[in-house]
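S.K.: Going down the list, the protein sequences come from chains Y and W. Residue numbering for the first sequence follows numbering that gives the first Met the number 0, beginning at 0 and increasing consecutively. Residue numbering for the second sequence follows numbering that gives the first Met the number 0, beginning at 0 and increasing consecutively.
Treat the hints as calculated values from the structure; they're not laboratory data. Treat the hints with care, since some could be wrong.
One copy or two, either will do: identical chains are not told apart, so a pair holds if it fits within one copy or between any two.
[Unchecked claim] Okay, derived cross-link-like pairs now, BS3-like style, lysine-lysine, Cα gap no bigger than 30 Å in a straight line:
| no. | residue 1 | residue 2 |
| --- | --- | --- |
| 1 | 87 | 39 |
| 2 | 39 | 114 |
| 3 | 10 | 43 |
| 4 | 10 | 114 |
| 5 | 87 | 143 |
| 6 | 74 | 208 |
| 7 | 124 | 87 |
| 8 | 114 | 87 |
| 9 | 114 | 143 |
| 10 | 74 | 143 |
| 11 | 43 | 143 |
| 12 | 73 | 143 |
| 13 | 39 | 10 |
| 14 | 148 | 51 |
| 15 | 43 | 74 |
| 16 | 114 | 51 |
There are 2 protein chains.
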Amino acid sequence: MNILLLPNTAKNSHTFDITDTATLQHLHQVLQINIGDIIKIGIKNEQLGTAKIADISPTKVVLSDINCQTAPPKKLPLSVVLALPRPKVLRRLMLDMTAMGVEQVFLVNSYRTEKSYWQSPLLSKIDDYIHEGLQQACDTIPMKVSLHKRLKPFVEDELPAIIANQQAIIAHPYANNSFNQICQRNTPTVMVIGAEGGFIPYEVDLFAKQGCVPVHIGERILRTENAVSVLCGHFLLA
Amino acid sequence: MNILLLPNTAKNSHTFDITDTATLQHLHQVLQINIGDIIKIGIKNEQLGTAKIADISPTKVVLSDINCQTAPPKKLPLSVVLALPRPKVLRRLMLDMTAMGVEQVFLVNSYRTEKSYWQSPLLSKIDDYIHEGLQQACDTIPMKVSLHKRLKPFVEDELPAIIANQQAIIAHPYANNSFNQICQRNTPTVMVIGAEGGFIPYEVDLFAKQGCVPVHIGERILRTENAVSVLCGHFLLA
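Starting from the given sequences, assemble the full structure and let the hints guide the process.
M.R.: Here it is, written out as structure tokens:
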């Protein structure tokens, strides 16, 4: 946690009461706060800034002098279509993609996605992971995420509007073109990435028919988390 | 597992017996092998190729027609000096850095490294994680890893020889220069990365005195795993 992210309701206040256990624990054990300390904060969907620790009691920390006038970092010009990965990997990916500044994520089904992943209780915690990612990276604007349990209708009916006026690529180990040949930096991009086992040829063709160019990133096949960070990192380092 | 990596002792054989439980499980449950199937293999420190499933019994699978004549993918011109992270993160980082083709990793102590991390039983499994990474990425040449429990002697006595004739950078959120300004692609590089909490200013100065240029990757602060993948990915996509 590099900033404490307050809810949007704090935006017109100068004070705020923190009562949730996880945050109190972090403030006491990691930041080891004392009255009078200044901490870095952000307000959801608003600006970054600071607040002062005004009071500490066993179940509450009171912030005062809330002052947020710094714009959050820009998002990347990047949307990701991601085959739903297994639950533990989903958490880390939501966190990391938020931290890197991905604008939007479409979680889709795929042949190799286990049906049980769609029943995972972790799916209902996606907003928590995004919150964690914002606090990690000092950002205040949540990444948008939507779930699409049926791949073919998503690709045929929704994807065309999503990729209009953007470059669209599908990262796939057995593609003919390389990422470097095809992908321009600093260009709004929709990137499609498979999860464990990747997409099957039928699915790659579905995406390709809509204009997604299959690209590989070399001979090395990376785990999904690793591949997502490498690919998004290209835009971060642009 | 995208290839099955056989020990170097298999290099002059045409047959090999697989008896270890984890591999047998993968062959049966994931690859669902039958007699006559051709599988992708590699021989440690040698080439990539194929073998045939010659026989299947409850505790053994026999490979025949071992034929390895394809060179493994090139390594990246990259060594990483990494503050020892917590054990679960260490496993994934060893796996991912191996998969991406990092040549060498120096695991070092830092002020913010918990002393208990150096006692973790997972430290003795580093070779297993590298093995996993090679099988993931279809590589056969293990990444070199060494442990350095005392940071100052490492930086003052060993690092100069390591960074001779290479560009050396230390990734640090509060650096003045950006990675893009400083880091040239396709150039042998030593990259220094902190773990949870990063390096303290004293440690950054220690590295800087030896010629490591502090660089940031923008306003966003990433988790260690995420940062490592983004930074190494720069060389992978070069």
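S.K.: None of the hints should be skipped; say for each whether it holds.
M.R.: Hint by hint, here is what the structure shows:
no.: 1; hint: 87 with 39; result: both (29 Å within a copy, 29 Å between copies)
no.: 2; hint: 39 with 114; result: between (41 Å within a copy, 28 Å between copies)
no.: 3; hint: 10 with 43; result: within (8 Å within a copy, 59 Å between copies)
no.: 4; hint: 10 with 114; result: neither (41 Å within a copy, 41 Å between copies)
no.: 5; hint: 87 with 143; result: both (19 Å within a copy, 29 Å between copies)
no.: 6; hint: 74 with 208; result: within (28 Å within a copy, 35 Å between copies)
no.: 7; hint: 124 with 87; result: both (11 Å within a copy, 22 Å between copies)
no.: 8; hint: 114 with 87; result: both (15 Å within a copy, 27 Å between copies)
no.: 9; hint: 114 with 143; result: within (23 Å within a copy, 39 Å between copies)
no.: 10; hint: 74 with 143; result: within (11 Å within a copy, 37 Å between copies)
no.: 11; hint: 43 with 143; result: within (13 Å within a copy, 44 Å between copies)
no.: 12; hint: 73 with 143; result: within (15 Å within a copy, 38 Å between copies)
no.: 13; hint: 39 with 10; result: within (15 Å within a copy, 58 Å between copies)
no.: 14; hint: 148 with 51; result: neither (45 Å within a copy, 38 Å between copies)
no.: 15; hint: 43 with 74; result: within (15 Å within a copy, 43 Å between copies)
no.: 16; hint: 114 with 51; result: neither (47 Å within a copy, 32 Å between copies)
In this structure, the earlier hints numbered 4, 14 and 16 are contradicted, and the remaining ones agree with it.
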